[in-house]
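Novice: Residues per chain are reported as follows:
Number of protein chains: 2
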Amino acid sequence: MISEKMIQMTKNSSAIRAMFEEGKQMAAQVGAENVYDFSLGNPNVPAPAEVKAAIEEIINEEDSLMVHGYMSNSGYEDVRAAIAASLNKRFATSFSENNILMTVGAAGGLNVIFKTLLNPGDEVLTFAPYFGEYRSYVSNYDGILKAVEPDTATFQPNLEKFAQMITPKTKAVIVNTPNNPTGVVYSEETIVRMAEILCAKEKEFGISIYLISDEPYRELAYDGVFVPYLTKYYHNTIVGYSFSKSLSLPGERIGYLVIPDEADESGQIIGAANVANRILGYVNAPSLFQRVIAKCLDAQVDVAYYNRNRETLYRGLTEAGFSCIKPEGAFYLFVKSPVEDEKAFCEAAKKYHLLLVPGSSFECPGYVRLAYCVSYETIVNALPKFDMLAKEYGL
Amino acid sequence: MISEKMIQMTKNSSAIRAMFEEGKQMAAQVGAENVYDFSLGNPNVPAPAEVKAAIEEIINEEDSLMVHGYMSNSGYEDVRAAIAASLNKRFATSFSENNILMTVGAAGGLNVIFKTLLNPGDEVLTFAPYFGEYRSYVSNYDGILKAVEPDTATFQPNLEKFAQMITPKTKAVIVNTPNNPTGVVYSEETIVRMAEILCAKEKEFGISIYLISDEPYRELAYDGVFVPYLTKYYHNTIVGYSFSKSLSLPGERIGYLVIPDEADESGQIIGAANVANRILGYVNAPSLFQRVIAKCLDAQVDVAYYNRNRETLYRGLTEAGFSCIKPEGAFYLFVKSPVEDEKAFCEAAKKYHLLLVPGSSFECPGYVRLAYCVSYETIVNALPKFDMLAKEYGL
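Top line first, the protein sequences correspond to chains R and V.
By my numbering, the letter at position 134 of the first sequence is numbered 134, and the numbering carries on one by one without gaps.
Numbers given in my numbering equal positions in the second sequence, counted from 1, plus 395.
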């Protein structure tokens, strides 16, 4: 009687909610400090001091009507210009404020761009494993998400399969690097080859294929790894960015889209995205935080904290006998389940109060995701539990 | 090639953008102080002092990870409980935090509830004149918006026509009181009769019809007028609220939905709305401002300022010979055009640098909307221009 699509969606999301509830129950029974919750991608490193200083400066020095008021649906011009200048400086791009659209986080940005691009039945490709919400974002606009099967040796995109899956119905490709859930950074070689494939297929089919780069983890990269800026490699790239992780502001819902001039129909896309932002009910990205991030474009959370977690957890898990790719970015580890049925493995882990997410949620069964955006103590205390779990499986 | 629906939507919204650009051009030519822009519903009364105090208190006293972090998609439990308690005190309702879903403004809330309720082809009724964005919000989910023609004598809903337009496909009715664009407050008599009609039609067709009350202007009511709280009159009422006008925070995108227990399928609707909030990409209402408004539930903008504008503008316009209903709420006046073609009248007004919105935008041609959320000086200085305009039409 209510939306049938939503009834279905609500059923599907009960698994995650069930785990969340289970964690809360577990914490009530054994104490929160004895539950090792690696299930949530919620930053545990606080926002840098610049954020608080920026808020204080703005509410004390800027006009309240301007700070909290409506602006253009695309966002404040000065904020968009500051972002464009920052990107140009970092990546030698040549964006102006016209190429930047402020959004309600990356999730809002992705919805805006899918609403702008997709006609019913259009196909969007992505690479397994991938963030499960993409399915909903594409389905919201009656598009069809198709996942390229993973190359589990490297978790770089499987480009051979990719090339085979592109059809005249392919409207967009969405990638996420550094990647959730693997922590892998797509290499420059991968990106160059992907761009070649896309250009060839655009020509072959006489279509435009937009490469959407979902980049909430861009600033979380370790060991000086190079994270290519995709607009430099492929003309039809659109970037979705979020400050949720780079400034630890996930609740504030602040991000932006980059729609470069060199994208096909860029003027039409920019105009339509602006309207989509309004009619989807975002209207505009939250105003105070637009002004805050403009003052914090050079600030960053304490990435060293995540890095220590990464090193400690990776070492501990591999020493215990588990196998996984060492992540170069984001705050996730994607561990091979010692048995094919990774859901059973997640169940077994719960005995030790270890909460893990099955790879099936990312269309990659046989693996589990650990989010290490937790306290260092949680990791140190969890490692003996992982040892016991490994022994149980004869590792 | 991009979304055909969005290309159409973008064309339709160019009229408003054109007026906005025209106003900017005009200001450049004759000086902003000589342009009398009554076109935008952007509050000109600053947020009350409590807002700034709340921001400072929160960033100084609360944990940054909690303040800027993820919470349940429905919002912070303590914030939702505070809102429920405030409503219960004011309206003798009996809501709990479970009935409150924090949203990205009222526009976000309306999108969430339409996504939750509508199946393709479902009909939503509203009363002309109405806020034009409703068309997009309903169309986003493939619903069909149908407008009941206005009763221009009172601008109370035309309930006779309303009763005739309800069919088995009617899923929802959306009302907005105090009303944009008329400033009329729907009377208790109107609401009681509307509820009777809805109950009878629910019974006749064996369906549920949800009454969605869009209430951004609830606190802007003058002369002590009674603004009924609709959940008290009809079981299937869902309220969409926004702090955009009550606290002058339109850019911050903060509001909530009330989904009462007595609504049919309320449990299912609450669950699905929670998921819709997430997958539409809002994820959650902006976190800092959730906490801010919880501290400001008894605060209010300076309504007396709007009231002085209302009295001055209404008196000036009627003395000049224009006719309009005296508004009891919101910050709009809906004036009868002296000629049938109100767009021509708006064009004529531009000669005096008066910017008005044609009633056609609200599906009510022959009238024009004036937003009086402008400075008092603008009104005082505009009145001689309205006099000249009136003389031109022989009023």
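There could be a bad hint or two in this list.
Below 27 Å or equal to it, Euclidean Cα-Cα: the simulated DSSO-like pairs (lysine-lysine) are [said to hold, decoys possible]:
no., chain 1, residue 1, chain 2, residue 2
1, V, 596, V, 627
2, R, 169, V, 745
3, R, 295, V, 447
4, R, 11, V, 564
5, V, 690, R, 52
6, R, 24, R, 11
7, R, 11, R, 385
8, V, 746, V, 419
9, R, 52, V, 721
10, V, 690, V, 419
Each pair of labels, with its calculated beta carbon distance range [stated by the list, open to error]:
no., chain 1, residue 1, chain 2, residue 2, range
11, V, 584, R, 169, 51 to 59 Å
12, R, 168, V, 787, 38 to 46 Å
13, V, 493, R, 350, 21 to 29 Å
14, R, 89, V, 413, 43 to 51 Å
15, V, 583, R, 21, 38 to 46 Å
16, V, 601, R, 199, 55 to 63 Å
17, V, 621, R, 169, 36 to 44 Å
18, R, 167, V, 627, 51 to 59 Å
19, R, 8, V, 621, 36 to 44 Å
20, R, 206, V, 416, 29 to 37 Å
21, V, 493, R, 304, 39 to 47 Å
22, R, 11, V, 546, 43 to 51 Å
Rough simulated footprint, nothing fancy, chain V against chain R, three-plus residues with beta-carbon under 8 Å [stated by the list, open to error]:
no., stretch
23, 47 to 59
24, 100 to 113
25, 147 to 157
26, 190 to 201
In short, the hints are calculated from the structure, not lab data.
Note that CB positions come from ideal geometry on N, CA and C, so glycine has one too.
Novice: If a hint holds in the structure, say so; if it doesn't, say that too.
Specialist: Each hint tested on the structure:
Restraint check for residue 596 (chain V) and residue 627 (chain V): satisfied, since their Cα atoms lie roughly 19 Å apart, inside the 27 Å limit. Note on residue 169 (chain R) and residue 745 (chain V): the hinted pairing is violated, with a Cα-Cα distance of about 48 Å set against a maximum of 27 Å. For a cut-off of 27 Å, the pair hint linking residue 295 (chain R) to residue 447 (chain V) stands: about 19 Å separates their Cα positions. At most 27 Å may separate the alpha-carbon atoms for a hinted pair to count; residue 11 (chain R) and residue 564 (chain V) meet this at roughly 25 Å.
A C-alpha spacing of about 19 Å is found between residue 690 (chain V) and residue 52 (chain R), which places the hinted pair at or below 27 Å, so the restraint holds. Restraint check for residue 24 (chain R) and residue 11 (chain R): the C-alpha separation of about 20 Å stays at or below 27 Å, so the hint holds. Restraint check for residue 11 (chain R) and residue 385 (chain R): the C-alpha separation of about 32 Å exceeds 27 Å, so the hint is violated. At most 27 Å may separate the alpha-carbon atoms for a hinted pair to count; residue 746 (chain V) and residue 419 (chain V) meet this at roughly 15 Å.
Straight-line distance between C-alpha atoms of residue 52 (chain R) and residue 721 (chain V) comes to about 46 Å, which puts the hinted pair past the 27 Å bound. Of the pairs offered as hints, the one joining residue 690 (chain V) and residue 419 (chain V) is violated, with about 37 Å between alpha carbons and a cut-off of 27 Å exceeded. About 55 Å separates the C-beta atoms of residue 584 (chain V) and residue 169 (chain R), a value consistent with the hinted range of 51 to 59 Å. Between residue 168 (chain R) and residue 787 (chain V) the C-beta distance comes to about 59 Å, which lies outside the given range of 38 to 46 Å.
Here the CB-CB span from residue 493 (chain V) to residue 350 (chain R) is close to 27 Å, well matched to the stated 21 to 29 Å. At roughly 35 Å, the beta-carbon separation of residue 89 (chain R) and residue 413 (chain V) lies outside the given 43 to 51 Å, and the hint is violated. Restraint check, residue 583 (chain V) to residue 21 (chain R): a C-beta distance of roughly 42 Å satisfies the suggested window 38 to 46 Å. The beta-carbon spacing between residue 601 (chain V) and residue 199 (chain R), approximately 57 Å, falls within the hinted interval of 55 to 63 Å.
The beta-carbon spacing between residue 621 (chain V) and residue 169 (chain R), approximately 56 Å, falls outside the hinted interval of 36 to 44 Å. Under the hint 51 to 59 Å, the C-beta atoms of residue 167 (chain R) and residue 627 (chain V), about 55 Å apart, fit the expected range. Look at residue 8 (chain R) against residue 621 (chain V): about 43 Å separates their beta carbons, and that is inside 36 to 44 Å. As the Cβ distance of residue 206 (chain R) to residue 416 (chain V) is approximately 35 Å, the hint placing it in 29 to 37 Å holds.
Range check, residue 493 (chain V) to residue 304 (chain R): about 41 Å between beta-carbon atoms, so the 39 to 47 Å window is met. At roughly 44 Å, the beta carbons of residue 11 (chain R) and residue 546 (chain V) sit within the given window of 43 to 51 Å. Taking a C-beta to C-beta cut-off of 8 Å, the stretch 47 to 59 of chain R contributes 6 residues in contact with chain V, enough for the three needed, and the coverage statement holds. Residues of the stretch 100 to 113 of chain R lying with their CB closer than 8 Å to a CB of chain V number 8, which satisfies the three-residue condition for coverage.
Counting residues of the stretch 147 to 157 of chain R whose beta carbon lies closer than 8 Å to any beta carbon of chain V gives 0, which falls below the threshold of three, so the coverage claim is violated. For a cut-off of 8 Å, the count of residues in the stretch 190 to 201 of chain R with a CB near a CB of chain V stands at 0, and the three-residue condition is violated.
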